[in-house]
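Chemist: Single-letter residue listing:
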Amino acid sequence: MIRINPKISEKLFVALCVTVIALPLILLIVLIGDVAIKASERISWHFLTSFPSMKAEEAGIYSALVGSFYIIVLTGAVSLPVGVGAAIYLEEYAKKNLLTNLIEINIANLAGVPSIIYGLLGLGIFVHMLNLGRSLLAGGLTLALLVLPIVIMASREALRTVPPSLREASLALGATRWETIRQVVLPMAIPGILTGSILSISRAIGETAPLIPVGAVAYMAFLPDSLRDPFTVLPIQIFNWVSRPQEEFTLNAAAGIAVLLVVLLTINAGAIVLRDRYQKRTR
Amino acid sequence: MTLQTRNISGETEPDPSKPTAGGRKFHHKAGSFAEHIIVWFMFACSILSIFITVGIVGVLIFETISFFREVTFAQFFLDTRWTPLFSSKHFGIWPLIAGTLLTTSIAIAVALPFGLLSAIYLSEFAASNVRRAVKPLLEILAGIPTIVYGYFALILVTPFLQKIIPDLSGFNALSAGLVMGVMIIPMISSLSEDAIYAVPESLKEGAYALGSHKLPSIFQVVLPTARSGIAAATTLAISRAIGETMIVTIAAGQQAKLTFDPRVPIETMTAYIVQISLGETPAGTLEFKTIFVVGFSLFCMTLIMNILGQKLAKRHIGTTE
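So the protein lines, in turn, are chains V and L. Okay, so the first sequence: first residue is 1 according to the numbering used here, each after it adds one. Okay, so the second sequence: first residue is 1 according to the numbering used here, each after it adds one.
Derived by calculation from the structure, the hints in this document are not laboratory data. Being a predicted model, the structure only gives us computed values, none of them experimental. One or more hints might be untrue.
[What the hints assert, rightly or not] Here chain V is said to cover these stretches of chain L; the calculated rule only asks that three of the stretch's residues, wherever they fall, bring their Cβ under 8 Å from a Cβ of chain V: (1) 36-43; (2) 100-109; (3) 267-281.
Beta carbons are placed, not taken as given, at the ideal position from N, Cα and C, and that holds for glycine.
Next up, chain V with everything else stripped away, as it sits in the complex (with noise of 0.2 Å):
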């Protein structure tokens, strides 16, 4: 048996991780260029400013532009109050019992839940038994469900890094729980639960597949003007001009990923320095 140097083993083995590590970001920056080239052809004031149209050097994404951006609201507004409250009552006052745990351990599987599934949820019951319709209402309270237990998991975690002895000091001074958790612990944990929350809801703009089901339209050439109307937004758009065959809609897909990765990103990189800004304030 021939037997290799443990010292030159170990150093090919090291290559080859480096290796296994690299080529995934080798082709994530390969996405990027080719996403990048191909969105500079479309890219301009007048992508950003129009409707969608049969020809595709026409077409832009501002019905899709102004649905997610009324999507994400209306997600936001149901989630973040929900969330946090059920984070702050399972943190703070739930006793370990029976109905703490099941509601712990549904809260754990919810989130393995295919967001899919979620659609099927938001047609069966939004679109159907609460007869709300194809519309804007639906797809921003099928999507509050989806990002429900990563926003309250979230919160939680930033209400746990709030030290015990602080809330024992505040109510060992005559506060009662809710004074305690309003003037020590939240001041403490908001920047952790503002963070947490915005990263969590901000998934929801890059989903697709649950507002299938709810009956996002593709083809929108005017704004919804209240919560019950039809409604697109950017994933749904890119979707459609990503399924189309003929190539000159591969160029608008590229531009609308432009757009919602330029989003994204935004949105993440606020959230991190919203959150070292409020650090150092409360330090």
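Knowing the structure of chain V, use the given hints to seat chain L on it.
Modeler: This is chain L only, laid out in the frame that chain V set:
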């Protein structure tokens, strides 16, 4: 905040606002009426998560029962054709399950070796500054929307693979699976890294003391100890791949076929749901019910994998303590 209407809360009152600290109850001042309302609101918020599950299961089962009033179990489980949209309708689920398993297997075949090697490197070899730089880069892969990966698979990967495999179809399971694998790498990598990290240093030191080199100690001591955690990571990744929708819808095709040939168009369960949802299918029709039956099958498969994954993760914590 008004502090007027305070009283000591009685022990017998089943009040969710009653605090416990480290399991030890202590007397405290109960809050005002407004405080009770707030607590009940927050309690309702956490209960909502249970209603979401009830809603999901309820909607899926309701339509599934309604589906099986028109289609028999034998037609669903024993037929090998899935053609609900054709004039000769067949409702055999197996082609969709085969398509799902095919793309999932390809994805895991990529993500497991890549993720595991990354995890070994990051936890055992990389300097801490390299680790700090590489981890967020890998996390970016997980943060990119799946629609972007779908574009990547269809527009870039498939044409490239067609140069190597000439009879590769424009829609195929291979490129969808490969790209999905890249997306899942960070998931396997970070969960496996946690598992490897949890292996006690003393075990490695024991191996070194017995004269082992670094590589044998990794493969014969560290990885076997961390195997439950790595299995948990893989199981959760499989669940993720089964439920992944946009990549397979865009790049793998929409032809339900009972085949394990990665070169031809297939259809996954998720892609079928999208295909039907894109058309205007009125509620109550059999086609409408099929998406919920497929959804329910999908939900069961991912739930089983998730529960298994959590069990394995728990066992891992048990073995390393």
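Chemist: Flag every earlier hint the structure violates by its number, smallest first.
Modeler: 2
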